[in-house]
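**Q** Residue numbers (our numbering), protein chains in the order written: chain U, 1 to 157; chain R, 158 to 423.
Calculated directly from the structure, the hints in this document are not laboratory data. Do not rely on the hints blindly, as some may be mistaken.
[Stated by the list, open to error] Computed Cβ-Cβ distance ranges for the label pairs, DEER-style: (1) U:R121 with R:P319: 35 to 45 Å; (2) U:T61 with R:E421: 26 to 36 Å; (3) U:S77 with R:E380: 48 to 58 Å; (4) R:A199 with U:T7: 17 to 27 Å; (5) R:A172 with U:S11: 22 to 32 Å; (6) R:R387 with U:E130: 36 to 46 Å; (7) U:T17 with R:L159: 18 to 28 Å.
[Said to hold, decoys possible] Dumping the calculated SDA-like pairs for lysine to any residue here, alpha-carbon to alpha-carbon at most 20 Å: (8) U:K133 with R:A255; (9) U:K132 with R:V239; (10) U:K132 with R:T346; (11) U:K132 with R:A343; (12) R:K198 with U:V44; (13) R:K217 with U:V58; (14) U:K133 with R:D344; (15) U:K133 with R:G342; (16) R:K167 with U:M1; (17) U:K132 with R:L341; (18) R:K167 with U:G75; (19) R:K198 with U:R34; (20) U:K133 with R:A343; (21) U:K132 with R:D344; (22) R:K167 with U:D59; (23) U:K133 with R:G251; (24) U:K132 with R:E252; (25) U:K132 with R:G342; (26) U:K133 with R:L341; (27) U:K133 with R:T346; (28) U:K133 with R:V239; (29) R:K198 with U:T48; (30) U:K132 with R:T256; (31) U:K132 with R:T340; (32) R:K167 with U:E2; (33) U:K133 with U:G156; (34) R:K167 with U:T7; (35) U:K133 with R:R240.
Backbone N, C-alpha and C fix where the C-beta goes; we use that ideal spot for every residue, glycine too.
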Amino acid sequence: MESLSPTRSISVTVNGTTYEREVEARKLLIHFIRDDLDLTGSHVGCDTGNCGACSVIVDGTLLKSCMLLAVQADGASVETVEGLSADGELTPLQQSFSDHHALQCGYCTPGMLMSATALLRENPSPSEDEVKKALQGNICRCTGYWNIVEAVTAVGE
Amino acid sequence: MLLREVEYAKPASVAEALELLAANDGARALAGGQTLVNVMKARAASPDGLVDLNGLEELKGIELDAGGTLTIGAMTTYTELVRSVEAKARPILGEVCATIADVQVRNRGTIGGNVCSNDPTNHLPPLMVAIGASMTVAGADGEREVPADEFFLGVYMTAVGPGELLTRIAIPAGKADGFAAVTLGADGTCIANAAASVDAGGFRVALGCVDAVPVVVTAGAPEQVAEAVRAAGIDAPSDVHASSEYRAHLAEVLAVRAARQAAERS
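Build out the structure end to end from the sequences listed, making use of the hints.
**A** Encoded structure:
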C-alpha cells in the first residue's frame, strides 16, 4: 500500500543520462533540473505557468516544468534544451534561430526551442499560423516573435 | 518557487487513491496540476498531501457506445479530447478544449481537473451543464451519478466531497452545440463565456463567469435568448477586467452567439 511521504527516491532520465536522487515532494521539476542536476539551460521566467521558458519534453510530451513536481517525473525520460545538440552539432531548428536572429535577450529561447522541436516532430512543415498556435505558451518579453516564427517556419520549408 | 512542505503518494488504483484521501484529511487529489500546483505556489491552497492520479489508467480514455453516449475518464487531457476520433461525436468538446490556454497546458490539464476546480472562469463547467453531462463520483460507499446541473456548488466547490473522486463524465449524443467567450488574449482566461445546446425542447444556455456556478437560461429560439438572459437578473462580479454591468452585457451577447452557433448545427 502506497503511503504519503515528504520525500521520494526517483530515477529520471534526462537527455539520455539516468539520475537517481532523493527529492522532496514539494520540489518542482524545473528546480530539480536546474539546481539538482545543474542543467541551467531551462529557465524560470514567470514561475506561474504562463511564460513557457521552463518548457521541456517529458516522455515525448511538451510540458512546463514549473507545473510538474520532480517526483512526478519518476521513471520518465526528459529532454531539455541541452539535449538538442548533445553531439555538438546544432539542430536545423537551432541553426535556423541563428540564421534568422530569432532571439534578442535569449531568455525565452530554450523554451521556444523545445516547443518548436515538439511541433516539428508532429508536423515537419507547419504553416505560419500553426507555428504561432504552437508557440502560444511561450512568451518573449522582448516581443521578438517575428523572427522566431520565421525561423521555425523556415525549417519546414 | 518553493512550495510549502507537502507529502506525496502515487496510488496504483482508484481504490487505493480513495483510501489515501479518506485516511488523510489534508490530502488532495492531484490531477494535471495546471491549476493546483500554481495555487500552491501562491499559497492560495496548501494541502498537507497530494494523491497523484497520474498513471491511473482506469481514469483515462474516451469511449463511444452504440447509442452515441461518450464516456470520458476524468484524467483525460485536453489534447486527448482534441485529437480523439470518438470525441468528435460531440464536436464542441474538442473545439472548446483546443482553446484552453496553450499546448503545454493542454498536454497535461484534464477534463476532471477543470470541472473539479470549478473556477468560475473555466471553460468546461458551463459547457458540461449546457450539454447535459453526468458525473460519476466514487467514494468509500461506491459510485453515484451527479448531473452537471447539481455538480457545481460554489466557487471552487463541487459535489465531490472529502474522500471522494470524480472518475468519469458521461455525455449524451448530440451535435447542435455552441460556445462563445471573451478572453484575455487569444486563448486566455475567460472574462465571460456561454455554452449552448439545442434539442426538441429548445435552447439551453449556460453562462460562465457571472456567478459562482453556471447560470442556466432556456429559450425557444436564438432571438429570445437575450431577453431570457436579462430576465435571469444576473448580478455579475466586478473585477479589473470587467465591471459588473459590462460582464452582464457580455453574458447576453455571448449567450446569443453560442445559441446561434448551436442553431446553425441543428
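**Q** Among all the numbered hints in the text so far, which are the ones the structure does not match?
**A** none
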